[in-house]
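Produce the complete structure using the sequences and hints provided.
Residue numbers (my numbering), protein chains in the order written: chain S, 1204 to 1314; chain Z, 989 to 1102.
Among the clues, some could well be false.
[Said to hold, decoys possible] Derived lysine to any residue pairs resembling SDA-like cross-links, with alpha carbons at most 25 Å apart:
(1) Z:K1045 to Z:Y1089
(2) Z:K1059 to Z:V1076
(3) S:K1245 to Z:Y1083
(4) S:K1252 to Z:H1017
(5) Z:K1045 to S:A1289
(6) S:K1261 to Z:Y1083
(7) S:K1252 to S:F1266
(8) S:K1245 to Z:G1004
(9) S:K1245 to Z:G1041
(10) Z:K1045 to S:S1231
(11) Z:K1058 to S:Y1300
(12) S:K1245 to Z:R1032
(13) Z:K1045 to S:P1314
(14) S:K1245 to Z:T1100
(15) Z:K1059 to Z:Y1092
(16) Z:K1059 to S:Y1300
(17) S:K1252 to Z:K997
(18) Z:K997 to S:A1289
(19) S:K1271 to Z:Y1089
(20) S:K1245 to Z:T1042
(21) S:K1245 to Z:A1012
(22) S:K1245 to Z:D1026
(23) S:K1245 to Z:M1029
(24) Z:K1059 to S:L1249
(25) Z:K997 to S:N1244
(26) S:K1272 to Z:L1001
(27) S:K1272 to Z:Y1089
(28) S:K1252 to Z:N989
(29) S:K1245 to Z:N1016
(30) S:K1245 to Z:G1046
(31) S:K1252 to S:P1282
(32) Z:K997 to S:A1306
[Said to hold, decoys possible] Where chain Z lies over chain S, by a calculated footprint (3+ residues, C-beta under 8 Å):
(33) 1241–1253
(34) 1295–1309
Hints in this document: simulated from the structure, not taken from any laboratory.
Virtual Cβ for every residue (Gly too), placed ideally from N, Cα, C.
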Amino acid sequence: AQSVTQLGSHVSVSEGALVLLRCNYSSSVPPYLFWYVQYPNKGLQLLLKYTSAATLVKGINGFEAEFKKSETSFHLTKPSAHMSDAAEYFCAVRTSYDMRFGAGTRLTVKP
Amino acid sequence: NAGVTQTPKFRVLKTGQSMTLLCAQDMNHEYMYWYRQDPGMGLRLIHYSVGEGTTAKGEVPDGYNVSRLKKQNFLLGLESAAPSQTSVYFCASSYPTSGSYEQYFGPGTRLTVT
Chain S
1204 AQSVTQLGSH
1214 VSVSEGALVL
1224 LRCNYSSSVP
1234 PYLFWYVQYP
1244 NKGLQLLLKY
1254 TSAATLVKGI
1264 NGFEAEFKKS
1274 ETSFHLTKPS
1284 AHMSDAAEYF
1294 CAVRTSYDMR
1304 FGAGTRLTVK
1314 P
Chain Z
989 NAGVTQTPKF
999 RVLKTGQSMT
1009 LLCAQDMNHE
1019 YMYWYRQDPG
1029 MGLRLIHYSV
1039 GEGTTAKGEV
1049 PDGYNVSRLK
1059 KQNFLLGLES
1069 AAPSQTSVYF
1079 CASSYPTSGS
1089 YEQYFGPGTR
1099 LTVT
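This is how it looks when you write it as structure tokens:
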């Protein structure tokens, strides 16, 4: 069965610093992987997705993620954090009919 | 396009009361889902539907029922609410075309059961 594990429930960075949010997946078939962002009291918004085309995927708001099959990872990065990036981030893997989500990582950005 | 909308946005119930949450989408999506979100647990699938008139159980279906009488609507019912059902409920929809399975989410319904 497909699943994802997000490493770190909370990540804190300074404004302008690198953002790295970790996600490892488990899948018996080539996975479709997603990152979603949730701002306070809002629904989830798609940041980016991997669908077996390019291994480096660029998303909205300057985020990108790299699919590494050898490491079963799909980490999310952004070179320079902005205060507006403070939110909760979810990694997800597609199953046959729905998605399985990680527990989420709350990103705090310090001025 | 309104996308995915949910009604109501907030609700407080007493234990044993019933209610229905309504989800509507205007994107002509085939698949619809109901999730619950609890702190530290991500989103867990309650029920889903792959088309009008069809529903199926997800990860945590107990205590909930659903109906998909029209393609654009997906209803989630709580027959006898319990405090354990205090949560934020999200509806989502998707169109299962090849290579594109992302889900589009509604704004959520915050339910408190006292």
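Evaluation of the provided hints:
no.: 1; hint: Z:K1045 to Z:Y1089; result: holds (19 Å)
no.: 2; hint: Z:K1059 to Z:V1076; result: holds (23 Å)
no.: 3; hint: S:K1245 to Z:Y1083; result: holds (22 Å)
no.: 4; hint: S:K1252 to Z:H1017; result: holds (19 Å)
no.: 5; hint: Z:K1045 to S:A1289; result: violated (34 Å)
no.: 6; hint: S:K1261 to Z:Y1083; result: holds (22 Å)
no.: 7; hint: S:K1252 to S:F1266; result: holds (11 Å)
no.: 8; hint: S:K1245 to Z:G1004; result: violated (28 Å)
no.: 9; hint: S:K1245 to Z:G1041; result: violated (29 Å)
no.: 10; hint: Z:K1045 to S:S1231; result: holds (22 Å)
no.: 11; hint: Z:K1058 to S:Y1300; result: holds (19 Å)
no.: 12; hint: S:K1245 to Z:R1032; result: holds (17 Å)
no.: 13; hint: Z:K1045 to S:P1314; result: violated (45 Å)
no.: 14; hint: S:K1245 to Z:T1100; result: holds (17 Å)
no.: 15; hint: Z:K1059 to Z:Y1092; result: holds (15 Å)
no.: 16; hint: Z:K1059 to S:Y1300; result: holds (17 Å)
no.: 17; hint: S:K1252 to Z:K997; result: violated (28 Å)
no.: 18; hint: Z:K997 to S:A1289; result: holds (23 Å)
no.: 19; hint: S:K1271 to Z:Y1089; result: holds (20 Å)
no.: 20; hint: S:K1245 to Z:T1042; result: violated (28 Å)
no.: 21; hint: S:K1245 to Z:A1012; result: holds (17 Å)
no.: 22; hint: S:K1245 to Z:D1026; result: holds (14 Å)
no.: 23; hint: S:K1245 to Z:M1029; result: holds (17 Å)
no.: 24; hint: Z:K1059 to S:L1249; result: holds (23 Å)
no.: 25; hint: Z:K997 to S:N1244; result: holds (10 Å)
no.: 26; hint: S:K1272 to Z:L1001; result: violated (47 Å)
no.: 27; hint: S:K1272 to Z:Y1089; result: holds (20 Å)
no.: 28; hint: S:K1252 to Z:N989; result: holds (23 Å)
no.: 29; hint: S:K1245 to Z:N1016; result: holds (23 Å)
no.: 30; hint: S:K1245 to Z:G1046; result: holds (23 Å)
no.: 31; hint: S:K1252 to S:P1282; result: holds (19 Å)
no.: 32; hint: Z:K997 to S:A1306; result: holds (23 Å)
no.: 33; hint: 1241–1253; result: holds (count 7)
no.: 34; hint: 1295–1309; result: holds (count 8)
Hints 5, 8, 9, 13, 17, 20, 26 from the earlier list are contradicted by this structure; the remaining hints agree with it.
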